[in-house]
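Chains as they are written, first to last, in this note's numbering: chain A, 66 to 549; chain B, 193 to 649.
Just so you know, the hints here were simulated from the structure itself, not pulled from any lab data.
All C-beta atoms, glycine included, are put in the ideal place defined by N, C-alpha and C.
Any given hint could be a false lead.
Said to hold, decoys possible - DEER-style ranges, computed between Cβ atoms: (1) A:351 / B:200: 35 to 45 Å; (2) A:354 / B:249: 25 to 35 Å; (3) A:536 / B:388: 29 to 39 Å; (4) B:497 / A:123: 45 to 55 Å; (5) B:591 / A:288: 46 to 56 Å.
Residues per chain are reported as follows:
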Amino acid sequence: MQEKLIFEHSRPGRSAEAQYPSATAAAQVPEALRRRTPPRLPEVSELQAVRHYTRLSRLNFSIDTHFYPLGSCTMKYNPRACNQYAMLPEFLARHPLAPESTGQGIMQCLYELQEMLKAVTGMQGVSLTPMAGAQGEFAGVAMIRAYHKARLDFARTEIIVPDAAHGTNPATATMCGCTVKEIPSLPNGDIDLNALHAAVGPQTAGIMLTNPSTLGVFERRIGEVAAIVHAAGGLLYYDGANLNAILGKVRPGDMGFDVIHMNLHKTFSTPHGGGGPGSGAVGVGERLLPFLPLPLVGFDGQRYRWLGEKDLPQSIGRLSAFAGNTGVLLRAYVYMRMLGREGMHRVSEFATLNANYLMAGLAAAGFELAYPGRRAGHEFIVTLRREAREYGTTAMDFAKRLLDFGFHAPTTYFPLLVPECLLIEPTETESKEELDAFVAAMVAIREEAQTDAGKLKGAPWTLPVRRLDDVRAAKHLDIAWVPA
Amino acid sequence: MPFIPHTPEDVREMLERIGAPDTDALFDEIPAGLRTAALQEIPPALSEMEIGRLMSARAAADGRRLNFIGAGAYEHHVPAAVWAIVTRGEFYSAYTPYQAEASQGTLQLLYEYQSMMASLTGMAASNASLYDGATALAEACLMAVRAHRKSKSQRILVPASVNPTYRQVLQAIAGNQNLAFDLLPYDATGGHTTVASLEKYRGADITALVIQQPNFFGTLEDVDALTDWAHAAGMLVIAVVNPTSLAILKPPGEWGSKGADIVCGEGQPLGVPLSSGGPYFGFMTTRLEHVRQMPGRIVGRTVDLDGKQGFTLTLQAREQHIRRSKATSNICTNQGLLVTAATIYMSLVGPHGLAQVASACMERSAELVDALTRVRGVRLAFDRPRFHEAVLLLDRPVRGVLEALAARDIVGGVDISTQYPALGNALLVCATETRTGEDVATYARVLSEIMQNAAAA
Numbered sequence: 066m067q068e069k070l071i072f073e074h075s076r077p078g079r080s081a082e083a084q085y086p087s088a089t090a091a092a093q094v095p096e097a098l099r100r101r102t103p104p105r106l107p108e109v110s111e112l113q114a115v116r117h118y119t120r121l122s123r124l125n126f127s128i129d130t131h132f133y134p135l136g137s138c139t140m141k142y143n144p145r146a147c148n149q150y151a152m153l154p155e156f157l158a159r160h161p162l163a164p165e166s167t168g169q170g171i172m173q174c175l176y177e178l179q180e181m182l183k184a185v186t187g188m189q190g191v192s193l194t195p196m197a198g199a200q201g202e203f204a205g206v207a208m209i210r211a212y213h214k215a216r217l218d219f220a221r222t223e224i225i226v227p228d229a230a231h232g233t234n235p236a237t238a239t240m241c242g243c244t245v246k247e248i249p250s251l252p253n254g255d256i257d258l259n260a261l262h263a264a265v266g267p268q269t270a271g272i273m274l275t276n277p278s279t280l281g282v283f284e285r286r287i288g289e290v291a292a293i294v295h296a297a298g299g300l301l302y303y304d305g306a307n308l309n310a311i312l313g314k315v316r317p318g319d320m321g322f323d324v325i326h327m328n329l330h331k332t333f334s335t336p337h338g339g340g341g342p343g344s345g346a347v348g349v350g351e352r353l354l355p356f357l358p359l360p361l362v363g364f365d366g367q368r369y370r371w372l373g374e375k376d377l378p379q380s381i382g383r384l385s386a387f388a389g390n391t392g393v394l395l396r397a398y399v400y401m402r403m404l405g406r407e408g409m410h411r412v413s414e415f416a417t418l419n420a421n422y423l424m425a426g427l428a429a430a431g432f433e434l435a436y437p438g439r440r441a442g443h444e445f446i447v448t449l450r451r452e453a454r455e456y457g458t459t460a461m462d463f464a465k466r467l468l469d470f471g472f473h474a475p476t477t478y479f480p481l482l483v484p485e486c487l488l489i490e491p492t493e494t495e496s497k498e499e500l501d502a503f504v505a506a507m508v509a510i511r512e513e514a515q516t517d518a519g520k521l522k523g524a525p526w527t528l529p530v531r532r533l534d535d536v537r538a539a540k541h542l543d544i545a546w547v548p549a
Numbered sequence: 193m194p195f196i197p198h199t200p201e202d203v204r205e206m207l208e209r210i211g212a213p214d215t216d217a218l219f220d221e222i223p224a225g226l227r228t229a230a231l232q233e234i235p236p237a238l239s240e241m242e243i244g245r246l247m248s249a250r251a252a253a254d255g256r257r258l259n260f261i262g263a264g265a266y267e268h269h270v271p272a273a274v275w276a277i278v279t280r281g282e283f284y285s286a287y288t289p290y291q292a293e294a295s296q297g298t299l300q301l302l303y304e305y306q307s308m309m310a311s312l313t314g315m316a317a318s319n320a321s322l323y324d325g326a327t328a329l330a331e332a333c334l335m336a337v338r339a340h341r342k343s344k345s346q347r348i349l350v351p352a353s354v355n356p357t358y359r360q361v362l363q364a365i366a367g368n369q370n371l372a373f374d375l376l377p378y379d380a381t382g383g384h385t386t387v388a389s390l391e392k393y394r395g396a397d398i399t400a401l402v403i404q405q406p407n408f409f410g411t412l413e414d415v416d417a418l419t420d421w422a423h424a425a426g427m428l429v430i431a432v433v434n435p436t437s438l439a440i441l442k443p444p445g446e447w448g449s450k451g452a453d454i455v456c457g458e459g460q461p462l463g464v465p466l467s468s469g470g471p472y473f474g475f476m477t478t479r480l481e482h483v484r485q486m487p488g489r490i491v492g493r494t495v496d497l498d499g500k501q502g503f504t505l506t507l508q509a510r511e512q513h514i515r516r517s518k519a520t521s522n523i524c525t526n527q528g529l530l531v532t533a534a535t536i537y538m539s540l541v542g543p544h545g546l547a548q549v550a551s552a553c554m555e556r557s558a559e560l561v562d563a564l565t566r567v568r569g570v571r572l573a574f575d576r577p578r579f580h581e582a583v584l585l586l587d588r589p590v591r592g593v594l595e596a597l598a599a600r601d602i603v604g605g606v607d608i609s610t611q612y613p614a615l616g617n618a619l620l621v622c623a624t625e626t627r628t629g630e631d632v633a634t635y636a637r638v639l640s641e642i643m644q645n646a647a648a649a
């Protein structure tokens with residue numbers, strides 16, 4: 066059963082009239098600026114629109130419907146309370162430029178969020194404005210550059226990045242006008258310290274790291290890494306994508322990081338929304354406080370106010386038209402208040418318990434771990450290279466067959482270092498039974514790979530579509546409907 | 193512990209399988225010196241009932257007032273069906289559609305969104321969103337530099353009548369990559385950008401001209417003349433537009449004889465409430481020939497193994513997860529949920545409903561300007577046609593007037609005197625289809641009282 070496009074439901078003259086404002090004749094737009102032909106928007110009844118998009122929603126996997134162990138994405142339960150209280154009518158109706166006197170309530174929420182994020186990360190200042198992790202990274206690297214420029218050290222234009230880094234890291238470095246130097250990881254997952262020694266120098270602006278790394282393991286010699294980079298005059302940037310592994314156990318500030326970004330849509334459970342909105346709040350140590358992106362919420366003991374250019378003249382500037390993804394920030398605030406100090410510790414404890422349990426289960430079932438000697442953080446990597454050799458099945462084939470078993474696949478082919486890999490992150494909100502069922506599914510799929518590999522290669526079989534032709538999508542580009 | 197399902201029995205069994213004595217042992221790879229103490233600064237946990245009460249109290253303290261601010265975020269009626277569907281778990285808690293077969297709902301919706309935005313702006317290709325209008329403009333400028341093969345200067349002309357915060361964001365984001373921005377003055381009588389102001393750049397190597405329509409003052413620019421001049425001078429044209437207005441205004445794809453090259457703007461007016469400033473979404477559309485330089489995700493229609501229609505992310509080689517340091521942008525997570533709202537909104541209002549909204553906005557704001565300029569000490573700044581915003585000049589500082597209005601539950605507009613000192617005491621006001629004749633009359637009456645009570649500056 067294929068869903069039509071909304072345009073295919075359209076009929077000229079059909080409309081959802083209850084949604085029309087009362088207006089008289091078309092307003093007097095000057096002749097030369099008047100639109101001649103109406104835009105090709107759907108002409109459907111309200112029921113048709115509601116039915117169409119409701120039916121589309123049912124074609125999706127989501128956390129609310131499926132176990133979603135996407136490594137590095139932290140697909141934990143998005144509490145409904147967060148949505149309900151972020152969408153209270155007064156918060157929704159407020160214009161961002163309304164006087165501060167009319168926004169003390171919401172500003173208090175944002176200020177307290179700033180303070181709580183400082184506390185859990187061990188940083189001295191926080192800005193909530195970056196609208197996603199990548200924008201947080203941009204702010205972080207821009208602040209590092211601003212710091213060196215303020216000290217008149219213009220040679221520092223190189224950012225060091227481990228080869229296992231998420232693609233946004235080197236992409237961000239380039240966007241900030243820096244060059245990228247990659248350093249290798251050792252077979253045990255740690256950074257190659259010798260390579261790091263060789264890489265640092267007077268051109269080093271800083272290093273971008275995740276800890277635990279994208280390989281799912283804790284960089285045990287982080288103290289040494291920090292010492293090497295700081296001694297060479299560079300700064301340490303923490304990519305907070307994996308914060309769920311250490312929340313309440315270790316603080317990036319204590320590890321020596323000068324600047325961090327947090328993914329509120331990962332660690333602090335704001336909804337992924339089919340691709341956003343996120344929030345990439347940044348935290349800084351003492352050195353980078355003057356450079357934080359604007360605006361911040363300030364508090365003088367009595368009133369909350371927005372801090373701007375006069376308060377932070379060395380700020381790297383504004384990264385959005387207003388104050389970032391405010392509604393997302395409110396959701397994170399509600400979540401953190403519901404966790405409280407006890408709950409904050411429990412997040413990483415149970416995320417790590419679940420990851421290690423799942424890892425042990427898969428290992429016991431004969432799957433090959435990428436880093437068998439290591440503890441899992443909140444995620445771990447399984448490599449299916451043996452199965453590829455013996456049965457001719459790929460990680461992609463396993464992933465697609467998992468969909469038929471009712472599980473969203475783990476992250477595939479990231480990090481790039483590990484061949485035929487699955488990066489698996491269960492999160493703390495999943496039950497033991499769910500994890501056991503996942504292991505059972507993987508075992509069943511491997512048996513199929515052995516006896517009838519076609520079952521994997523042709524998967525998925527039970528979803529709204531079979532495997533899609535990506536090559537054709539790029540070659541015969543069809544990215545907008547036009548009428549026949 | 194909220195949201196964690198484990199019983200003590202579960203924990204026992206799991207530790208046994210792992211072979212660890214307790215959960216603490218699972219962190220034994222972390223150097224002891226790094227382990228943090230209890231987080232005393234974090235308050236104790238609240239139940240859902242308690243946090244609900246707290247949030248309701250704070251929201252009530254902020255209250256609601258009659259809103260007459262635009263300045264880049266516009267109050268429109270959002271049909272009830274929009275967020276009822278957007279907050280369905282299948283949309284709300286879904287991830288980026290990397291496993292296409294498990295995400296056909298989101299992917300088809302994004303394809304429909306791209307189709308609508310392309311048509312609305314008069315262009316051939318759209319992406320699946322950027323963060324907001326300001327960052328979309330920054331990305332558009334970076335894209336123009338990549339796309340314009342013949343220009344080496346990386347110099348962009350930006351009218352002063354473009355939203356001043358957008359201009360700040362441009363500098364913060366694109367300044368790092370050696371783009372230079374030249375400011376074009378606005379005409380003192382009309383508040384618009386004139387071809388005359390461009391003349392000094394004739395013969396210079398300029399990469400692009402930015403045109404905002406309507407501009408920050410609400411004034412309608414002479415888009416055909418500006419576009420043709422820019423193209424004749426070898427520049428690309430970047431259009432920054434209000435999506436509601438495009439229901440009745442000529443879209444950028446039809447500006448001048450060749451149309452704009454890159455179009456961007458703030459999508460919030462399409463089904464997204466004011467929400468105290470976000471989340472919103474930025475849109476971007478362009479010519480087919482530039483699609484490989486466009487940042488952000490793009491969804492394509494294709495077929496599956498059985499030849500059945502399906503949708504998938506495409507042209508991913510532009511993006512960070514493939515191209516890394518050579519990507520068109522570092523953007524990964526964008527504003528998917530807001531695009532979902534916009535797509536449902538556009539389907540509910542349709543082309544005629546959106547035109548009605550746009551017309552009503554023009555009408556109400558004209559009524560507003562008429563009523564407010566009858567108040568002594570208030571006059572209109574510019575004499576050109578507008579969309580739904582206007583600049584009023586007051587005979588006294590705007591700040592005090594706005595504070596007095598707020599005390600009477602009216603959010604009267606934005607004080608733009610600091611950003612545009614040449615104007616004097618300047619107030620930017622807006623009225624959309626959500627403001628009734630009564631609302632306008634209330635504002636005028638209260639303003640009149642305020643202006644009479646205090647002596648003129």
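Hint by hint, here is what the structure shows:
1. A:351 / B:200: 35 to 45 Å: For residue 351 of chain A and residue 200 of chain B the Cβ distance comes to about 43 Å; the hint holds.
2. A:354 / B:249: 25 to 35 Å: holds (32 Å)
3. A:536 / B:388: 29 to 39 Å: Given about 52 Å between the Cβ atoms, the range is violated.
4. B:497 / A:123: 45 to 55 Å: Cβ of residue 497 of chain B to Cβ of residue 123 of chain A: about 22 Å, so the range 45 to 55 Å is violated.
5. B:591 / A:288: 46 to 56 Å: Holds: the Cβ-Cβ distance is about 52 Å, inside 46 to 56 Å.
Taken one by one, the earlier hints fail for this structure at numbers 3 and 4, listed in ascending order.
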